[in-house]
Every structure is written in C-alpha cells, then in structure tokens.
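**Student:** Put together the whole structure using the sequences plus the hints.
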Amino acid sequence: MHVAPHEKKKIQMLASAMICHIDESSLFEEQVKRSTVTKLTEMAKQEFPKMDFMSSRMEDVFSEPFLKDPSFSKTLKAVGGSSDYDYLAQIVEGSTTNSESERAEKLRKLFSGITKNTAKEDLYWHIKVAMLVTLAQKEGCSYIFMADSSTRQAIKMIAMTSKGRGYSIPFDIGVENDACFPDLAILRPMKDMLSKEIGLYNRFMGFEQYVIPPTDFNTGKPAKTSIERLTEEFITTLDRDFPSTVSTISRTASKLTPLNDMDMSKKCAICSM
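The working numbering applies: residue 1 is where the sequence shown begins, and numbers increase by one.
Careful, some of the hints might be misleading.
As the list claims (entries may be wrong) - Below 30 Å or equal to it, Euclidean Cα-Cα: the simulated DSSO-like pairs (lysine-lysine) are:
1. K116 / K267
2. K221 / K196
3. K255 / K196
4. K50 / K138
Claimed, not checked - Label pairs and their computed distance ranges (CB to CB):
5. G113 / T252: 20 to 26 Å
6. S265 / S35: 39 to 45 Å
7. E176 / C268: 19 to 25 Å
8. V32 / A179: 34 to 40 Å
9. S244 / F48: 33 to 39 Å
10. S55 / F204: 27 to 33 Å
11. T257 / A15: 15 to 21 Å
12. D261 / W125: 23 to 29 Å
Hints were generated in silico from the structure; no laboratory data involved. Virtual Cβ for every residue (Gly too), placed ideally from N, Cα, C.
**Tutor:** Below, the structure is given as structure tokens:
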C-alpha cells in the first residue's frame, strides 16, 4: 500500500489489485443456470477494466499447484475421530493426475460422502480459503480482501464458538490476519457494515444489476440444517427486534486476540490454523 501524496485526506491506496473468483458450478447447478462466471467476467471488464480478473474452478484443488506439499495427505491421515475427514483423506490421496472432468466428479463425490451439513460447510469454506491463499501467493499478492459484513462476522463468531473453534476466532473474524500465512495478510474492510446497509447502498446506487445471489449447501434449506444456518436464523431474527445485536457481537469479537505463545509452525492441513 502507499499514500497518495497530493491528496488532502491521506488515504492508503493499492498500486494494483486483482479480482479472484472461485467457480463452484461443479457443486451447484444453479450457478451454471445463472452463468455466474460469464456475468462476473463481463462485469469485471466493463466496470473494473484496470483490474485483472481470475476465475479458478473449485475442483482444481485436486490439481498439482494446490497439492504440491507432500505432507498434505499425511497430515490429513493423522486427523482421527471423524469418518467425514477420514473420507477426505481417502479422496485427496493420489488425485493430482486426473482430468478436469474427473476432478469435478471427485469433488462431488467428496461432498456427497459427507453426511453432516455442518461438516460440508466447514470443508467447503476451508477449500475456498486455501485456494485463495495459494492463488494470491502465486500472483505475488500481499493482501487478500474478504467481503465479510458485520452481520456475517457475528454469525461466524457464534457458530464457530458452538463448533468448538473459539480459539481461531481472532484469525477467522479479526479485521487483519497476518500471522497464518507468510508474506500475506487477510483483511476484512467491510466488517463494520451491516448486510442490510450494503443491500440498501447497492439499491440506491443502482448496483442491484451486478448482485449475483450466492449459492451454498444452505440455500433454500430449513434453519436446523446445520449449526451455521441455525445461527444465521437466530441472529437475523433477534436483530429485527434488537437492532444492536449484530454490532454488540461484532465489537466483542474485535476485542479477541490470539495467544502470544501460539505456535504457528504447527498447522492443520485442512483449516491452516
């Protein structure tokens, strides 16, 4: 980052930026019907011509660039106590020599073999983050900007605490995470914006035509489908009657800091924490 010297208000600016999209159409047919990648490509060229646009398919996580670490599968094998993650180790092993169609089928087989929706969500998110980090390091990027809103941060905090991942909240929710990956920081500049505020801004500024509804394993599912879906229903319902709910949870989360003696050299192969 650098500061524009001639501006009265000192605003940090980036010398260059890249838009990165993870194509999940192999998992969700809705994205194929909506032509998500095509729309994003056209929008990037028209509205952000100075930025490079990159789209990588999620099944590419089974290709050589993402599984180049020989210790990856060994670390996965060491994860015990869950048939879902034991199944993941079996899928990952020996999967770097397949064609694109075979990798797509392997990805679908991986998620169809996991019985719990909560486990599917966790693995789905960890794969996306791992791919974003790998692509950012490959392109020589110093920062990854995530679009998590304050509402999403509040939901993640309660859900992660319920799942026993309270220790990683400072990394997964904090405004800046520069401890997990060498020479790379994950920033969340929209952490103080409510999802409702973002929606109203898009409407008033005429950006609704660029909004593409996301699709995941919770789309159209009831509240009790998973821990995160239940938490989302709880937070959004409570926030209707008590508007300060999200901001209170977010402020609490922002005060959490990682342990000073945490050994970052030993990481989980799945979540990189």
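**Student:** Please write out, lowest number first, the hints stated earlier that are contradicted by the structure.
**Tutor:** Violated hints (numbers, rising): 5 and 11; every other hint is consistent with the structure.
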